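Sequence order for the protein chains is A and B. Under the working numbering, think of the first position of the first sequence as 29, with each following residue one higher. Under the working numbering, think of the first position of the second sequence as 273, with each following residue one higher.
Certain hints may be false.
With a Cα cut of at most 27 Å, we get these calculated BS3-like pairs of lysine-lysine [claimed, not checked]: (1) Lys391(B) x Lys67(A); (2) Lys468(B) x Lys68(A); (3) Lys468(B) x Lys67(A); (4) Lys548(B) x Lys468(B).
Label pairs and their in silico Cβ distance ranges [stated by the list, open to error]: (5) Glu543(B) x Arg96(A): 43 to 49 Å; (6) Ala358(A) x Tyr368(B): 46 to 52 Å; (7) Leu320(B) x Thr63(A): 32 to 38 Å.
I should point out that these hints are in silico values taken from the structure, not numbers from a laboratory. All of these numbers come straight from a predicted model, not from anything done at the bench. Every residue, glycine too, gets a C-beta built ideally from N, C-alpha and C.
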Amino acid sequence: MSEESAGIEAPASLRSTQFRREREDTWRELDGLLTRVEKKGIGALDPDELIRLPMLYRATVSSLSVARATSLDRNVLDYLENLARRGYFAVYAPRLRFRESIADFFVRAFPASVRVARWHVLLAALFMALGAATSWFAVAQDPELYYAFVPDGVAQDRSPASSTDSLRKVLYDEDVSAVSRLQLFASFLFTHNAQVGIFSFALSFAFGVPTFLLLFYNGTIIGAFGALYQSRDLGADFWGWVLPHGVTELGAIVLCGGAGLLIADSLLFPGNQGRLDRLARNGRVAGQIVLGAIAMLFLAALIEGFFRQLVHDMTIRYGLAVFTTMFWAAYFVFAGRAKGVGNG
Amino acid sequence: MAEARSDGAGSIRPQPGPERLERTVDTPEGVALSMMLASRGDRAIAFLLDAVFMFLVLLALLVALLALASVPDTGDILVSFGLIAFFLLRNFYFIYFEIRRAGQTPGKRIVGIKVIDRKGGPLRADAVIARNLTREIEIFLPLTFLAGGGGLLDNDIARIAALVWVGIFALMPLFNRDNLRVGDMVGGTWVVATPKVMLLSDLTEAAATPAVEPARQFVAGQQLRPTEARTHTFTDAQLDIYGIYELQTLEDVLRRHDSEETRALVAEVAERIRTKIGWNGTVPESKARGFLQDFYQALRQRLETRMLFGERRERKRDEE
C-alpha cells in the first residue's frame with residue numbers, strides 16, 4: 029500500500045460529520061432561542077418560538093444520544109451536552125406567575141400541607157399545652173415561680189410585684205394617643221413572631237429537640253401569665269385580652285412547631301426511602317406550612333396591634349376569639365380538598 | 273503521544289476542576305445529562321453579591337424614609353414600614369428571584385450558577401421556599417450571635433457551644449460532597465454551574481461550512497486542507513494502536529490557536545506518532561499539520577466504525 033499518494037480515495041466525510049451537518053441547523057436554532065431566553069427570560073420568545081423550543085430541545089437530546097454512540101468529535105459532544113443542559117434548564121424552568129401561585133397557595137397548598145402534617149401539628153400543640161399547664165400549676169402554687177418562667181423582657185412590668193390595678197390597665201389600655209404607635213407595635217410583633225416561627229422550623233434540622241423546647245417554652249410563658257392574672261381575679265379579662273389574636277398567633281407557632289417536627293421525623297425515621305429523599309419531600313411541605321404560618325402571624329399582629337387596643341368590650345373580644353377559632357378549624361379541615369383525591 | 277491538554281481554542285469549558293464536582297441528572301426524557309456542581313467559592317461570592325444588593329436596596333429605602341420623616345407625625349409609621357420592609361427583603365429576596373428567574377438570583381446570575389432540582393425534575397416553588405427559609409439558622413443566627421448573643425449566653429461555655437452549633441449549620445456545605453447547604457437538603461435542590469460551549473468546525477471538513485458565522489471559526493486561524501489532497505494514508509494496524517483518549521487529545525492539539533509554540537508542538541506530536549505507528553517516510557515540518565489532520569481523520573473514522581460494532585477502545589494498548 030503506498031504511503032503517500034492520492035491513489036487511495038478516502039470517503040468524502042465521516043458518518044459522524046454527515047450526521048452533524050444534517051442536524052447542525054437545529055442546534056444553532058435552539059442555541060439562538062436559548063441565548064435570548066437566558067438574557068431576557070422566557071417572555072422574550074413569541075408564541076411560535078415557544079412551541080418550537082421543546083421540540084428543538086427534544087431533537088437536541090436525541091442528537092446527543094446518537095452522538096454519544098457514534099461520534100468521537102469531542103467538541104460536538106461537549107457542545108451537545110451543554111446545549112441539552114441549557115435547553116433542559118429553559119424548558120423545565122419554573123413558570124409560575126406570582127399572582128396565580130399566591131392564590132393557589134392559600135386556597136389549596138397551605139391547608140393541604142397542614143393536613144399532611146396533622147399529627148405533627150397535634151403533637152406540637154400538645155407540647156405547648158403541656159408547657160402552659162406546667163407553669164400554670166407551678167405559679168398558682170407559688171407566685172414567685174413566675175420569674176422562673178417569664179424573662180424580664182417579656183414581662184414588661186407585669187409581674188407578681190405589680191399592683192392589680194396596673195395589671196388591669198394593661199388589659200384595657202385607654203391610651204389611644206398615637207395610632208401610629210399601634211402600627212409600630214404590630215410590625216414589631218409581626219417580624220419578631222415570624223422570626224420565632226421560622227426559627228422553630230429551621231432549628232428542626234437538629235432532630236426536633238430545639239423545636240420541642242421552643243414550643244414548651246412558649247407554652248410556659250402563656251401559662252405563667254394566665255396564673256398571675258387568675259390570682260388577681262382577672263382571669264376572664266386576661267383571656268379576653270389574649271385570645272382574639274392569640275388563637276391565630278399561637279396557632280401559627282404551633283404550625284411552625286409541627287413543620288419542624290415533620291422535618292425532624294424525616295431525619296429520624298426515613299423509612300424505606302433515603303433520608304435525604306424523605307427530607308426533601310417533607311421539607312417542601314414543611315416550608316409551605318411555615319410560609320402560611322407567617323401569613324397567619326401577620327393577621328395576628330394586625331389584630332393585636334389594632335383591634336386589641338381599640339376594642340375593650342369583653343363580649344366582642346371573646347366573640348372574635350370564637351370566630352377565629354372556628355374559621356381556622358374550618359379552613360384547615362376543609363379548604364383545598366380535591367374531589368376524591370387526597371393530595372399534599 | 274503528546275501530553276499537551278490545552279483548552280481547545282474557542283471552547284469555553286468550566287475550569288478543569290476535580291471530577292468530584294461532576295454529577296449526573298436524569299432528565300424526564302430519559303437521558304442522563306452531566307452537570308458540574310458550583311464550587312463553594314462561587315456560591316459564597318454569589319451570596320455576598322446578593323447581600324450587597326439587599327443592603328443597597330435597604331439603604332435606598334432608609335434614605336427615602338428619612339426624607340419622608342421630615343413630615344410630622346409620620347415617624348412611627350415609617351419605622352414600622354421599615355421594619356416590615358427589612359423583614360420581607362431578608363426572607364423573600366431569594367425566594368422571589370429563585371422562583372421568577374429560574375433558580376437564579378442576581379448574584380448567582382453574575383457568577384454563572386443556578387439552582388436546580390436534584391432529581392432532575394422542574395424546580396418547584398415549594399422547594400425554593402423551603403431551601404430559603406433555613407437561611408435563618410445558616411446566616412442570621414450566626415450573625416446575631418456575633419453581634420452580641422441575645423442575652424442568653426452569659427457564660428463562655430454556652431457561647432462556645434452556641435458557636436459550634438451554629439458553625440455546623442452555617443458550614444454544612446463543607447461537610448458533604450455535594451456542597452449542599454441545609455437549605456438544599458430540605459428543599460431537594462443543588463446548585464450547578466452554567467458554562468457555555470461554542471460549536472467549532474468539524475476537523476474533518478474540507479472547508480468551513482458557509483452556515484458557520486466567521487466569529488465562531490476557531491481552527492487555529494488556518495485553512496483546513498481539502499480532503500482530495502490528502503496525502504497520508506494509514507493501515508488498519510497502524511490505526512488500531514491508539515484509542516479515544518489519544519484521538520481527543522489530538523483534537524485539542526489541532527484546535528489550538530496558531531502560534532510559534534503550536535507549530536513546534538504539532539511537529540513534535542507528528543514525529544511521535546509517526547514513530548509509534550511505524551509509518552514509513554518522513555514528515556517535514558511544513559507537512560506536520562497535514563499529517564496530523566490526515567491521521568486524525570483516519571483514526572476517528574476507524575474508531576467510530578469500531579464503536580458502531582460495539583468495540584470501544586478508550587486508550588492505546590499498554591504493552592508497547
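(message) When the structure is checked against the list of hints, which entries are broken? Sort them ascending.
(response) Of the numbered hints given earlier, those the structure breaks are 4, 5, 6 and 7, listed in rising order.
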